[in-house]
Structures are given as C-alpha cells and as structure tokens.
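Asker: Below are the chains, spelled out letter by letter.
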Amino acid sequence: MRLRLTKKMKQIMLLATIGIIALLIAACGNSSIEVKNEEVNLLQEDWSTIESLAKGSEVRIFMWGGDEGINRYMDEWIAPRLKEQFDVTLNRTPMDINEVLQKLMTEKRANRGAGTIDVIWLNGENFKNAKENELLWGDFVQQLPNVQAYIDMTSLDAQFDFGTPIEGLEAPWGKVQFVYVYDEDKVPNPPASFEELRQWMTENPGRFTYPEASDFTGNAFLRHLLYNTVDVETLLNTPDPDAFVEESSVPMWDYLNDIKPNLWRKGETYPTSLTELDRLYSQGEVWMTMGYNEARVESLIANGTFPESTRTFVMEPGSIGNTHFLSIPFNSPNAAGAMVAINYLLSPEAQLAKMEPGMWGENMSLDPTKLSETYRQQLDSIDRGQSVLPADVLQERFLPEVSAEYVNWIQEQWFNEVVRN
Amino acid sequence: MLTGFKNNGLMRLSATKLQLLPGILFVVVIVGYGVVSAFVESVSGGTGVGESWTLEHYQRLIANDVFWESFIFSIKVTSISTLISLFIGVIIARTLYQCFISDYAKLLTWVPMLIPHFVAAYMVILLFSPSGWFSSIGYQLGLIEYQSQFPILVMDRAGIGIILAYIWKQVPFVVLMVLPVYYQLDKRYLEVARTLGSNKRQVFFTVEWPWLYPVVIEVGIILFAFIIAAFEIPYLLGSTFPKMLSVVTYQWFYEGSWSQRPLAMAAMSLLTVMILFVSFLALFLLQKSRYRMMKGL
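Sequence lines, in order, name chains A and B.
Numbering follows our numbering, with no gaps: position 359 of the first sequence is 359.
Numbering follows our numbering, with no gaps: position 50 of the second sequence is 50.
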C-alpha cells in the first residue's frame, strides 16, 4: 500500500519540516541577547543607581512551588508591592532547585550569554554544587541595604551554609527548624528522646516511619539520630564523614535496624518523600510525621488536611535548624532587578508578613535586636498558631547543620546498612 | 504544472521521503542528541566533555550491587506486566471481535489509554493501599478485623502495585493493536478449521495465532521497552528496596554532589543498547513471517 500525498498534505509536511529546522536553529543561536549586567559593574555601584537600573524591569524567580502558602505569599503579597514601590515585575516559575541548577549547567555548557533566571532559592548541597560549578553571579550580599541594616553578618549561619563558606554569593532569606508532628488525641505523651521513641514504637507498632534518606526531610531525621550518637562539636570539627564517623556511627545503624520491625510496614519500605509521609499521617496510617519547618503544619491544619489536634514536639539531642538563601545565577539578564527584589524580600515588612501562619509561617532571617520598636512590637504580636512551639523552646534546642558531605554519606550508608540488610 | 510533477518518478520518491522527513528529523535530532550526549557523559572523565575518555564509570556500574539488584527487579516487573497485558489484551480483542460488541464498548476499553500514568498510580494507591477502598470495604464487611491486615499490594517488595498499574494502562494498547489483525483475518479459515473438527484451542493455535504472533511480539517489545525505562509509576508505587532501574538512575542523577551522574548515564546507555538490540533482533526474525502474511499464508 502506498500513500498518495495530496497537495495540501505535502505543504503541511514541508511546513512541519521547516518548523522543526527553524526551532533547532533558534535553540542553537540564542546568544544574541544583550547582557545588561556588563554595561556597568553592578557590584561597585551605589544602591540608588541599582534601583534606577531596575526600574521597569522584570525579575524572574525560579523556586520550589510545592506549598500553596508560599506561592500565595510570593504572588499576592510580594509581587504587587514590588511593582508599586520599585516598578519591578516579579515573575515566579515553580521548579525544583535540582532542575534549576541543571538548566544553568546546560546554559553554561552551551555558552549562552544571557539566561532566563534572575533569582533562585537554594541552600545546603545545592549551594555547594552551584558554587563549585561557578553557577552563581557574585559577591552581592554586602551591597543590599537591608542586609547591612538588619542581618547579623558575623553569626555563623550567615557565613556558612551547611559548612560551605557563603562569601557573599547568597543572602539569608529565612530560618527553619526541624520538628516532629503528632496527633495529640492519639499520642498524649510524645517521646522526649530517641530512647523513648523506641519505647513508644514497641507499644504502638507500625505507627511511625520516616522518609527515605534521599528525601530532604528523611535525611534530616537521620542526621538528628547521628547527632544523638556523635556529639555536635565533633561533627562540626570533622567536615569529612568517611574519616571517623564510619566506626562511631554503628550505634545509629543498630538503632535503625532495631526499630525496623516496629516501623510502618515493618520497615520493608519507607515513604519516598515527605508528601508521602504526610499522606499516611492524614489518613491515620501513621501517628507522627515531621518536617524541616517548625510552622509548616499550621496551614495544613487550616485547610483540613491534618486533624485539629495536630501538634509538634522536639526531642533530645535537639532540633537541627538551618537558614535558606536567595541568590543570583551567573547569567542573570537582570541582576540589578534581582538585587532590588532580594533586598525587598529581606525587608522587615516582607519578613514579618512571611511569618504570618496564613502565608508561610517560617521564621525570619533578620536579627530581632536590630529591628525598630514598631517592627519589634509587630513581631511580638504575631500569633504563629497552636501547633508551633514557643520561640524560647526552639531557640534552646537549636542545633547547627554540619557539612553537606554528611547528607550524601548518610544517603549511601543508610541504603547499605538499613534497607538492604 | 503540478499534475505533471506528480507523474514524475523522482518527485514521487521525494514525496514519500518528504512525508517521513518531520518524523525522521525529530527522532534523529532530538532523541539522537539526548542519547549521544548521555553516552558521551558516560565515557568522559574529568568535568568537561571530551577532556579524557574512560570506561571507568561502566566498570563502577558493573561492580555495583545496587545496579544489578534493580536491573533484575526491573526485568522481572517488566516481563510480568508485559506478558499479563498481552494475555489479557488478546483475550479482550478476541471477545470484542467474536461477539460483535458495539463500537461504544470498544471505545470504553480504550479509556485507560487517555489517563496519565501518574493518575493511574494514584488510582492504584487509592484502591489497593492498606487505607484504600478495597481495604475499607473489607473492613466494613468484616472480612478483615483491622485495616493493616489487608495484604500489602502497593509499595511492596514484589512490585505488585507497579504491575497492576501497568496492566491497567497497557491492556487497552494491546487491544488497539491486536483488534485490526482480527478484522483482517479471513473468516473462511476459521470455518475450515471448525468443519474439520478442531476444538476452540486448536482453532486458536492453527488459524489465529500465526496471524497474531508477529503483532503480539511487536507490541510486546514496545511495552517492554516502555515499561523498563519508565519512571513515574515505579517512583510512586515502588518500595524503597528493590527499586526499578529508572528510579535508581534518577536518584543518581539528582544526588546532591553530582558525582554519581556519569553512573546514571552509563546505566541508561546500557539499557538503550539492550532495548535496541532486542528490537532489531525481533524485527529481523519477524521479517519472514511478515512477508508470508502479506502473501496470505
């Protein structure tokens, strides 16, 4: 059977071919876009020049889009104010940071002059990766007026991100702490230590689990357990896990193997992500979940996903906390706009609005002692919700993050020591 | 003028080629580029492309237990889902054809094809998980005392959840491919076989099967190639261990330090070579029976 082509079909085929070729050419030869940043050295300009350069421009921020509260905060609170006060249009694209970095890496390899991303949200390993592969723009942080006014740049968490020196490449945006989430009705006395947690699991088999070590939250849970095994000081002073933790981590793997029979599904499988664990919790399969944000369940209670009786707790040895950051990619077409947007995101009004439980609920990155009287009153009046632990409890239990090397190390070891065992 | 061109032999040849050109370009340029760059990354040492060539990543891969465990698990899950889908698909196509079922019913069997894979995965979770519908129904009816008694069918170590989701998605595709074969089948052969006293089984194997098997094998290869390298269903429904190769590769690729990336590329390159080899082998062997079919047995 041979197909006869009508005249019209031929034309369509021809057009399709031309279309594909045109697309390919367009994809290859995109480097003709002007790079605005090179006209002036922004890193040496004073702030008013940067603000005037940013006027009327569009800033494209690429960030994780998995949380409704966060998205609403960016689109409905930040974007209109940025437009009104600085004439900067904020355009948010939801994308996982891994994919953003991949995109930047590809652009770098293709030698593209101007990229499509102006601001990214990152921390920890991603920052280390981006820094090592030279995907970030430059030392811009000291120039931001709000950093100078409100952030304590001498503190450790403004200098190191998971042990990697920041060197002005990213500006601290917010702080979170790791907490466990439980249902008060089902668990009247939450455990205060890993030993009590083990005891609780023997009494309530199948009601606890943690996400896989490849998941951000699951890995943080395992790091907590490591902190319980090896003391924090030693961990902080030993950036390379292979050297010494190998031996001293034995109690940690023993603990995990020991609790396995009492985990959800007897530890045969683990939730692949925190979302998955949250689903199990909301359906009542497990009675506890967790999360790297002390206030994150507030919005889940409000929208009915989690029961009203959901509360949080922290246990010994403490609660790991970290800071997350905003940065500008090496090929941002609008670095001036990006700096203005980041500066605004670090302003007291934006940071205080971010703390509202209905918006995002996470802690601010500003130093409260540097705030003016009005802002401090506003800060004191914020009710973060019933599920959020009091600030002094969180502060008292705060543990710093160790080197990003541990994240990978735990991920690999966990698979060998616990899962395949 | 144009009608004059149409009769020109050269123009006719290029017309056929023109017809295929968009497709060929698409495959060669876009798919080809991806495959080649993955391969290049899998054999390059150093950080930049082409700095030095090495087989180190393949050696690491071959020595990696996780790779082999997930490879074997992938083959197992893929084979089982493919075989069961083919079996059920052929039975349905045969029933649809023999019972002259209305076109609406046929359309209905194709509905799962329109539904995205991740939705299929969530359907399996909603239906078969220990807190899912079937478990709740069993609990309501008193078949099980508490929900955790329900057999573990999702995120299980045997991959049952994954297999269920794939069967549900692939059976309609098998029906779609096999049904035309039945319509092309000369009914007189069936009658001859029956008149000569063949039972149902004999009719199927002497008359229908010779027509069916080239298509069945082709569809089988398509399903196999698709399932073994697909991601979302194994990611959503798989257990922590063993994982399907695609999920392991994804994790290697997106791991924080990027040090495992060449390993992911090597695994995918090996898989691609394997699928291509099996496909060419099968198509080569099928050529003969295809030819025979064209001539009418």
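If you're looking for bench data, these hints aren't it; they were derived computationally from the structure.
C-beta: ideal position from N, C-alpha, C; glycine also.
Check the hints yourself; a few may be wrong.
[Claimed, not checked] Taking lysine to aspartate or glutamate and the EDC-like style, the derived pairs with C-alpha atoms no more than 20 Å apart in a straight line are:
#	chain 1	residue 1	chain 2	residue 2
1	A	175	A	268
2	A	266	A	392
3	A	175	A	195
4	A	175	A	412
5	A	108	B	208
6	B	76	A	268
7	A	260	A	167
8	A	266	B	156
9	A	103	B	208
10	A	266	B	145
11	A	108	A	134
12	A	55	A	68
13	A	131	A	167
14	A	260	B	145
15	B	288	B	208
16	A	260	A	412
17	B	288	B	218
18	A	175	A	258
[Unchecked claim] Partner residues aside, some chain A positions facing chain B, computed with beta carbon under 8 Å:
#	residue
19	8
20	10
21	89
22	184
23	269
24	270
Asker: Hint by hint, note whether the structure agrees.
Answerer: Going through the hints against the structure:
1. For the proposed pair residue 175 of chain A and residue 268 of chain A, the alpha carbon gap of about 34 Å is over 20 Å, so the pair is violated.
2. With a C-alpha separation of about 37 Å, the suggested pairing of residue 266 of chain A with residue 392 of chain A is violated against the 20 Å cut-off.
3. This hinted pair does not check out: residue 175 of chain A and residue 195 of chain A have alpha carbons roughly 28 Å apart, beyond 20 Å.
4. For the given pair, residue 175 of chain A sits about 27 Å from residue 412 of chain A by alpha-carbon distance, which is inconsistent with the 20 Å threshold.
5. A distance of roughly 57 Å separates the Cα atoms of residue 108 of chain A and residue 208 of chain B; the hinted pair therefore is violated under the 20 Å criterion.
6. With a C-alpha separation of about 19 Å, the suggested pair residue 76 of chain B and residue 268 of chain A falls inside the 20 Å cut-off, and the hint holds.
7. Restraint check for residue 260 of chain A and residue 167 of chain A: the C-alpha separation of about 42 Å exceeds 20 Å, so the hint is violated.
8. In summary, the hint linking residue 266 of chain A to residue 156 of chain B is supported, as the alpha carbons are separated by about 11 Å, within the 20 Å threshold.
9. Our distance criterion of 20 Å between C-alpha atoms is broken by residue 103 of chain A and residue 208 of chain B, whose separation comes to about 52 Å.
10. The suggested pairing of residue 266 of chain A with residue 145 of chain B holds, with an alpha-carbon distance near 19 Å, which does not exceed 20 Å.
11. In summary, the hint linking residue 108 of chain A to residue 134 of chain A is supported, as the alpha carbons are separated by about 9 Å, within the 20 Å threshold.
12. Distance check on the hinted pair: residue 55 of chain A and residue 68 of chain A sit about 29 Å apart at the alpha-carbon level, beyond 20 Å; violated.
13. Our distance criterion of 20 Å between C-alpha atoms is met by residue 131 of chain A and residue 167 of chain A, whose separation comes to about 10 Å.
14. The straight-line distance between the Cα atoms of residue 260 of chain A and residue 145 of chain B is roughly 24 Å, outside the 20 Å bound, and the hint therefore fails.
15. Of the pairs offered as hints, the one joining residue 288 of chain B and residue 208 of chain B holds, with about 17 Å between alpha carbons and a cut-off of 20 Å not exceeded.
16. A threshold of 20 Å between alpha carbons decides the hint, and for residue 260 of chain A with residue 412 of chain A the separation of about 18 Å falls inside it, so the pair holds.
17. A hinted pair counts as satisfied when its Cα atoms are at most 20 Å apart, and residue 288 of chain B with residue 218 of chain B qualifies at roughly 14 Å.
18. A distance of roughly 33 Å separates the Cα atoms of residue 175 of chain A and residue 258 of chain A; the hinted pair therefore is violated under the 20 Å criterion.
19. Hint on residue 8 of chain A is violated. Least Cβ distance to chain B is approximately 12 Å, over the 8 Å limit.
20. Below 8 Å, beta-carbon pairs count as interface contacts, and residue 10 of chain A has one with chain B at about 6 Å; its hint therefore holds.
21. Given the 8 Å rule on beta carbons, the hint for residue 89 of chain A is violated: about 31 Å separates it from the nearest Cβ of chain B.
22. Nearest Cβ of chain B to the Cβ of residue 184 of chain A: about 21 Å, over the 8 Å cut. The hint is violated.
23. This hint holds: residue 269 of chain A has a C-beta 4 Å from the nearest C-beta of chain B, less than the 8 Å allowed.
24. Interface restraint check: residue 270 of chain A against chain B, minimum CB-CB distance 5 Å, threshold 8 Å, status holds.
The structure is inconsistent with the numbered hints 1, 2, 3, 4, 5, 7, 9, 12, 14, 18, 19, 21, 22, although it conforms to all the rest.
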